[in-house]
Amino acid sequence: MRAVGNPRIVQLLQAVRQALRHVTRADLDRRPVLANCRMLRDYLMVHLADEPNEHVRILYLNAYDRLIGDELHASGTPSGTPFCVRTIAARALEVGAMNVVVAHNHPSGLRESSRADIAQTIALEAALDALGITLIDHLIVTRSGLASVRAAAQALPA
Amino acid sequence: MTIRTLLVCDDPDTRALVALSLDLHPAFAVTAGSRADAADTLRRRVEPFDVILLDTKHVDLGPAALVAAIRQWPSSATVPILILSSKATEVRSVDAQGLICKPFDPVALPHRVIEMLAPFGGERR
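Chains F and H, in that order, give the protein sequences.
Residue numbering for the first sequence follows the numbering used here, starting at 1 and increasing by one per position.
Residue numbering for the second sequence follows the numbering used here, starting at 1001 and increasing by one per position.
Since the hints were derived computationally from the structure, they do not count as laboratory data.
Source: prediction; values computed, not measured.
Fair warning: there could be bad hints in the mix.
To be verified - Using C-beta positions, here's what the derived DEER-type ranges look like:
#, chain 1, residue 1, chain 2, residue 2, range
1, H, Thr-1089, F, Thr-77, 50 to 58 Å
2, H, Asp-1040, F, Arg-2, 54 to 62 Å
3, F, Pro-32, H, Arg-1043, 45 to 53 Å
Said to hold, decoys possible - Covered stretches of chain H (in silico footprint by chain F; criterion: 3 or more residues with CB under 8 Å from a CB of chain F, positions within the stretch not fixed):
#, stretch
4, 1010-1017
5, 1039-1052
6, 1067-1080
What the hints assert, rightly or not - Here's a subset of chain F near chain H, in silico, CB distances under 7 Å, partners left out:
#, residue
7, Ile-9
8, Leu-20
9, Val-23
10, Met-45
Using N, Cα and C, we set each Cβ at its ideal position, and we do this for glycine too.
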């Protein structure tokens, strides 16, 4: 028997999705976020990879890399979402963060960093650094995995 | 319009979830089985497929060898293969047409597969 259009099957799969989101968040809450890259990757994949529009999420971490909070910073179109360096820096100070991870999705599936991604990452890193806060990374989340904007920025010729 | 899909996965729970997810979309006709089942299906050329979804977990072969094993049959030599894996870096160099990174959203999976097949002609029939 086909499952097409079966509302109970839809509910079941939605429940599976929700469970994945809860479980991956619980993993992040239980341990230092940066101790296990797989844990962070899984969390970002289930929260961002399948979003049809770009979303920017900011993970604020304390000095022991424990998660203080994960906040949706901005939502945009399928092809772009600017983020506000000033707002992120102010919020990091407000919550007492010592480390910050930025993540946004590329609904297009492209893993490459745009020039805007790189420019914003450089600006954010400089602003946070002046406040004694470390930008751990800015990650692009696609359906085929993660890519680092910070690594792309560092790979640029001086 | 039907996308004839062969799902190859040795883990029965994952296989059931993926099959259920695809079955929810009217475009998919899914044949799901273990690696041994799939080899038998492809060897006997029971039916043509438009896409093969290959889960690379729980197998004794590496992803590249697994793809090569599937490509050996005339019935699957040119069929697009999409890999399901949690180890993106291990499979990026494999001769497959796409990677679906685990964990994935089971609700969004059918649309994701359709999008990934678009460059290869999408729905065949």
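Verification of the supplied hints:
{"no.": "1", "hint": "H:Thr-1089 x F:Thr-77: 50 to 58 Å", "result": "violated, 30 Å"}
{"no.": "2", "hint": "H:Asp-1040 x F:Arg-2: 54 to 62 Å", "result": "violated, 24 Å"}
{"no.": "3", "hint": "F:Pro-32 x H:Arg-1043: 45 to 53 Å", "result": "holds, 49 Å"}
{"no.": "4", "hint": "1010-1017", "result": "violated (count 1)"}
{"no.": "5", "hint": "1039-1052", "result": "violated (count 0)"}
{"no.": "6", "hint": "1067-1080", "result": "violated (count 0)"}
{"no.": "7", "hint": "Ile-9", "result": "holds, 6 Å"}
{"no.": "8", "hint": "Leu-20", "result": "holds, 5 Å"}
{"no.": "9", "hint": "Val-23", "result": "violated, 9 Å"}
{"no.": "10", "hint": "Met-45", "result": "holds, 6 Å"}
In this structure, the hints that do not hold are numbers 1, 2, 4, 5, 6 and 9, in rising order.
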